[in-house]
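Peer 1: Sequence:
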Amino acid sequence: MAKKSKRFNEAAALVEKGKAYPIEEAVALVKQTSNVKFDASVDVVFKLGLDTRHADQQLRGAVVLPNGTGKTKKVLVITQGAKLEEAKAAGADVVGGKEILEDIQKGWLDFEVMIATPDMMAELGKLGRILGPKGLMPNPKTGTVTMDVTKAVQETKAGKVTYRTDKDGNVHVPIGRVSFDAEKLVENFNTVNELLIKSKPSVAKGTYMKNVAVSTTMGPSVKVVA
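So the mapping is simple: this note's numbering equals the position in the sequence shown, first residue as 1, plus 1180.
Just so you know, these hints were derived from the structure itself, not from any lab.
A couple of the hints might just be wrong.
Claimed, not checked - Computed list of lysine-lysine pairs in BS3-like fashion (alpha-carbon distance at most 25 angstroms, straight line): (1) K1253 <-> K1286; (2) K1347 <-> K1403; (3) K1253 <-> K1321; (4) K1337 <-> K1364; (5) K1321 <-> K1278; (6) K1390 <-> K1403; (7) K1251 <-> K1268; (8) K1314 <-> K1251; (9) K1390 <-> K1199; (10) K1364 <-> K1227; (11) K1217 <-> K1227; (12) K1378 <-> K1347; (13) K1306 <-> K1321; (14) K1227 <-> K1199; (15) K1337 <-> K1278; (16) K1211 <-> K1251; (17) K1268 <-> K1321.
It should be emphasised that the depicted structure is a prediction, and the values quoted were computed from it without experimental measurement.
Let the hints inform the model, and build the full structure from the sequences given.
Peer 2: What follows is the structure in structure tokens.
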């Protein structure tokens, strides 16, 4: 196990071990304990009581954070016909059709989010082995396979984040940056928290929201009252 730095240990000492803090206090603590020289990301992890071996206990979706993430993502739209101009007008960084897919096949991946219209998915499916492992394959559940290209691009640019349960039932979501006002981080957190509570599968047994923690890049984790 890697040895923690003196700086990290000093920051961690401000967090009471085992204590769960109200979200307002937790956010104040992660802001206080972030001592890196860049504007660190603030992230939340939800440990859910789900058995993700079953398809009906796997969560996947997207949510637009009211205050964004502090980072604008580079958006690629794969479409054809009149939708090409619509995507450009909506603010997509790169727009194209089959020719872009050929570039991806050759190794080009200079984008962070891909949006596609349904008529392009048959072609896109051939790139599953490239896009799938990187989490770049468009999916209707996250709103990235749609005919409403304008809405999809604008929401992504405004701070839309995707989420999905990992094999252990955890959901990781960025909720902003250390430079954000505490109130904006709390509002973003509450938006995600409320969505996950509403998304609880009816087949889930036992405690659903097992553990919640917020942290910053290279900063200590702070447990939140679930």
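Peer 1: If a hint holds in the structure, say so; if it does not, say that too.
Peer 2: Hints and how they fare:
no.	hint	in the structure
1	K1253 <-> K1286	holds (22 angstroms)
2	K1347 <-> K1403	holds (21 angstroms)
3	K1253 <-> K1321	holds (19 angstroms)
4	K1337 <-> K1364	holds (17 angstroms)
5	K1321 <-> K1278	holds (23 angstroms)
6	K1390 <-> K1403	holds (11 angstroms)
7	K1251 <-> K1268	holds (20 angstroms)
8	K1314 <-> K1251	holds (19 angstroms)
9	K1390 <-> K1199	holds (14 angstroms)
10	K1364 <-> K1227	holds (23 angstroms)
11	K1217 <-> K1227	violated (29 angstroms)
12	K1378 <-> K1347	holds (21 angstroms)
13	K1306 <-> K1321	holds (20 angstroms)
14	K1227 <-> K1199	holds (16 angstroms)
15	K1337 <-> K1278	holds (24 angstroms)
16	K1211 <-> K1251	holds (18 angstroms)
17	K1268 <-> K1321	holds (23 angstroms)
Checked against the numbered hints above, the structure violates only hint 11.
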